[in-house]
Amino acid sequence: MRKVAVVGIGTVPWQMRNAEKTFRALGLQVAKRALEDAKISKKDIDNVVYSIYCESMIRQQIPSTLMQDYLGFQGLPSLRVEAGAAGEGYALGAAYAQIISGMSDITLYVALQKGGDFYDFETRSRGDGFQNGMFISMDTTWLQPVMPSVPGFLSTFCLVPHMEKYGSPTPQQLAKAAVKNYNNAYTNPEAQLHQKVKVDDILNSRIISWPTTTRMSCLYSDGACAMILASEDKAREITDKPVWISGTATSTYMTSRAEPGNIGRMMGTYLAAQRAYKMAGIKKPIDELDLIQVHDLITGTEIMAYEELGLCELGEGGRLVDEGVVERDGKVPANVDGGRIACGHVGGVSGAYGACEIVRQLKEQAGDRQIRVRNGRGVMQCIDGHAASNSVTVFERDR
Amino acid sequence: MATTNETLKKEPPLELEYRDWKPQYLYSLGELSPFFREIKNNRKLLASKCPQCKKVWMPPRGDCPDCYEEVEWIPISGEGTVVACSYVYFKGHGVEVLGYIDVPYVYALIHLDGADTYMSHGIKPKSQKMGEIVTGTRVKAIFRENRRGTIGDFYFVPIA
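Protein chains in written order, with our numbering: chain A, 1104 to 1502; chain B, 62 to 221.
In isolation and in its complexed conformation, chain A is listed as follows (with noise of 0.2 angstroms):
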């Protein structure tokens, strides 16, 4: 069977707002910086595959057909796929199955998302802006109209039956994940946050949702960056060191219908997970992987994710923070970049970074933050708002 590395990346540096580029020079420059680290030209590109989750938020539907041809790419095939925040993981899993059935060689990944220009005139707030245009990302007739927001109904729904259930996370060990991806972030200069905070200052933050607090939660930023995906024959003429998808696959599986057997999961990141590792030829993750790329939408979901990736069992999550295991020096590293919390987050792109920052750990290319390589093995998952589309893709070097 053939196989799909990622042979080049393009990432720009996190930013609340980026109103120096509209979305398709923002796209442009990420797709220009990837052929660059690939050092190879635009003509090699025959396939092209975006990542675009919101149109309302570009205020411009269809937003694909216009980056094509922003991008230069007249008369090649392009495919743009959305899954709410997970879609870049959705978008990456399209890209590689276009590549291994042989219709692409070597096709250009671009995920990509503004919200910065969102406005409210009223109140002459940005963020409020952002909350009324973004609202429709919900379900409209079943949540919408007594929904409080994104980290609220992620607490309800997911977090707190989770800890009934196991007592685990308690509020301090949410708060020191949130400190470690505070503390990750601060050595990438790309991050959006660069501070320096205590855990008594993420639990003293004000409560969004009991008991997810605004600094448990992950941050709005304009984004984009790019990867080039090659076939295994192209890879090997490309460089001499290509990180392969050894292993990918999503699951759709709806929190908000929520029955006995599955509040307080994230079922979908467990399917996924176990189809991605069958790929992979996974079996014991927390001894095969070098580090993993979670949802931090609020740290709550980072800790379940450790559980549904199967690094521990089940409330087993906040030990591994306790223990310094999702550290950076630690076992298996979480966000080492940062994550959604300090690093950066829109939907559509915060899973491709973090796909990045696996490509450049394995690479051994971090600088300041490259982590221990062992295994030479790295994992990205990631959700929606309503953890319904869940994706995980596992990554891997040569050995």
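Just so you know, these hints were derived from the structure itself, not from any lab. All figures in this text were calculated on a predicted structure; none of them were measured in a lab. Incorrect hints may have been included.
Said to hold, decoys possible - Taking lysine-lysine pairs in the DSSO-like style, the calculated list, with each CA pair at most 30 angstroms apart, reads:
id, chain 1, residue 1, chain 2, residue 2
1, A, K1146, B, K115
2, B, K71, A, K1124
3, B, K187, A, K1268
4, A, K1145, B, K70
5, A, K1268, B, K190
6, A, K1301, B, K152
7, B, K115, A, K1268
8, A, K1268, B, K201
9, B, K116, A, K1268
10, B, K70, A, K1135
11, A, K1145, B, K71
12, A, K1142, B, K70
13, B, K71, A, K1135
14, A, K1268, B, K70
15, B, K152, A, K1299
16, A, K1301, B, K71
17, B, K83, A, K1124
18, B, K185, A, K1268
Chain A is already provided as a structure; the job is to place chain B on it using the hints.
Just chain B now, kept in the frame of chain A:
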């Protein structure tokens, strides 16, 4: 001073206001119309029951996702039990129930009596103190005066 390429690029980005770009809808509730009409006209809740597997879906659906059968509408009391909840201090935007109940309110998964699935909704606590509403608290639906046919037309309160 002559305009050079460099000075052109140095200017800050030009920002354009879009104040009226707001889609409006006359939105059909379709197969869910019986449910929302009952709320609007009679302050009552209906649940949807699959005639084949007998499962009672709440929130309701027009069709059973397991059997693909059209559901039947059955009355339910609007009383239930909290299975998970979170005290909410952030108001968000456009949340209908927060147009008439204050924060902190409690966002909860509620197991309505007679249903097989849980519905999420807002509970108005009696006190501002965390701990009044917990897993196991019995609650009932209260309908507001101005109803238009959304689940924001009602909220829950603890049963004293």
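Which hints, by number, does the structure contradict?
Of the numbered hints, 1, 14 and 16 do not hold.
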